[in-house]
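*Asks:* One-letter residues, chain by chain:
Number of protein chains: 2
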Amino acid sequence: MLNDPLYIQIIRDIQGKIDTGQYPSDTFIPSESELQDIYMVSRTTVRRAISELINAGYLTIVKGVGTKVMPSRLITTPKELISFTQLMRNQGMRPDARMLAIERVKATPDLQKTLEYPGELIEIARLRTADDTPISINTSYLPSDLLVKHDPTIFRTRVSLYEVLEKDFNIKVAVTEDTYSAINANASQAKLLSIRKGDPLLMIERTAFNQKNRPIEYSIIFLRADRYRHTITLRAN
Amino acid sequence: MLNDPLYIQIIRDIQGKIDTGQYPSDTFIPSESELQDIYMVSRTTVRRAISELINAGYLTIVKGVGTKVMPSRLITTPKELISFTQLMRNQGMRPDARMLAIERVKATPDLQKTLEYPGELIEIARLRTADDTPISINTSYLPSDLLVKHDPTIFRTRVSLYEVLEKDFNIKVAVTEDTYSAINANASQAKLLSIRKGDPLLMIERTAFNQKNRPIEYSIIFLRADRYRHTITLRAN
DNA sequence: AAGTGGTCTAGACCACTTA
DNA sequence: AAGTGGTCTAGACCACTTG
Chain A
0 MLNDPLYIQI
10 IRDIQGKIDT
20 GQYPSDTFIP
30 SESELQDIYM
40 VSRTTVRRAI
50 SELINAGYLT
60 IVKGVGTKVM
70 PSRLITTPKE
80 LISFTQLMRN
90 QGMRPDARML
100 AIERVKATPD
110 LQKTLEYPGE
120 LIEIARLRTA
130 DDTPISINTS
140 YLPSDLLVKH
150 DPTIFRTRVS
160 LYEVLEKDFN
170 IKVAVTEDTY
180 SAINANASQA
190 KLLSIRKGDP
200 LLMIERTAFN
210 QKNRPIEYSI
220 IFLRADRYRH
230 TITLRAN
Chain B
0 MLNDPLYIQI
10 IRDIQGKIDT
20 GQYPSDTFIP
30 SESELQDIYM
40 VSRTTVRRAI
50 SELINAGYLT
60 IVKGVGTKVM
70 PSRLITTPKE
80 LISFTQLMRN
90 QGMRPDARML
100 AIERVKATPD
110 LQKTLEYPGE
120 LIEIARLRTA
130 DDTPISINTS
140 YLPSDLLVKH
150 DPTIFRTRVS
160 LYEVLEKDFN
170 IKVAVTEDTY
180 SAINANASQA
190 KLLSIRKGDP
200 LLMIERTAFN
210 QKNRPIEYSI
220 IFLRADRYRH
230 TITLRAN
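For the record, the sequence lines run as chains A and B.
Residue numbering for the first sequence follows numbering that gives the first Met the number 0, beginning at 0 and increasing consecutively.
Residue numbering for the second sequence follows numbering that gives the first Met the number 0, beginning at 0 and increasing consecutively.
Source of the hints: derived by calculation from the structure; they are not laboratory data.
If you're wondering where the values come from, they're calculated on a predicted model, not measured in any experiment.
Just to be clear, a hint being listed does not mean it is correct.
[Stated by the list, open to error] List of simulated lysine-lysine pairs, DSS-like, C-alpha gap at most 27 angstroms:
1) A:148 x B:62
2) A:166 x B:196
3) A:148 x A:171
4) B:196 x A:196
5) B:166 x B:196
6) B:171 x B:112
7) A:62 x B:196
8) A:171 x B:166
9) B:105 x B:67
10) B:112 x A:67
11) A:62 x B:166
12) A:112 x B:67
My request is simple: use the sequences and hints to build the entire structure.
*Replies:* So, in structure tokens, the structure goes:
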């Protein structure tokens, strides 16, 4: 923490002051030259920190006037990539998962193309719950060459698949492409999710990429529309 | 253009070289010191330009090695805010809209709260089509005090509501909050969209804000799930 | 060892807002 | 006129990757 770059430390400090209300919503934070004095750094470093906080949606600049704290409504939903475990935790729910299957499977032509990998895949199917209510059926496919370090059963040890990838396999998801659609539940989906056949499901297909732009996961998620809504905040360029 | 800041001109130039293939996908662009010589600017200015291109998804940095052009797959789906007109054009379709209603309405309590406006609203309901196939029913509510400059019928003159707001009212959308859900079509929705009652619809509720964080539009959109998929690319922080 | 990007400084001049 | 952020320069030292 103490060895982190100065601008990171400044970001953390300002973020903390926003969160604790020392810099309330819609008020101006100290000017850049004041921040230079506070943190004893150059203006470039102050501006670097402010620039990232603007990018993250915490601050906004009014030309010729000053730098203002964004209304918290717009702070709380960052446009960052987020895992479903995190999403549910953010909504104050206790996420869990029941493993339906962990198997080695052959890739279909579509999956081969999407994952750019001709070999075997690991299929992980899970029923996700929040506060013990079934929320979604989540089926992931991962190239097996990425997962040689441990037995696939390691995915039983944690609720978040992305946490297993990061902590046990050192694989970090950098980019996702999410496609939203809607379908009617079929009989088996309805049974698993405790709803009726024909009820609406939000369907999300996600392809995840690592830092080197290699596809590392394709997943298809069926979410109960009555229990779950997915919100995303976007900013114009 | 010539009076634009240097870093903007550099961004445009590099973007152009990526688009025309002079800097092909997955190859390294010149190093920062080479770019200093090319553009005759300081390293700070070069880095400013590169930083924004990384943010926009065009470039990626490999530590200690160089700066690489992102694969075009990941460039083509920017995470920017985008209008539905643009979205359909991007998919190679010809978007159009049939006006269903332009009316002054009283705000429901929910709408009053969402739009933070107690007065009358302008309701604009439209059937959106792509290549003459009905795609979505789009109902927007806007505070009437924003629209005094012209008669509301001006919304008939353009296909894109956001274009009318920007060009005729000088109102720019800066941030949107989109919530995704799914429902089954009711009888009237099914009729308008040429589908059957009970067929799945993707529902998107959007609240749009201007640069000053004032809510300027609430819209609810019902999309035919069989004809339309909505893709978003997200990056980790 | 050489080259790359990562961080940081100390200045400068400008356009914009407010009084 | 004074204060704000917007842009830019010319240096410096560092950590990381590769030959």
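*Asks:* Which hint numbers doesn't this structure obey?
*Replies:* Violated: hints 2, 5, 7, 8, 9.
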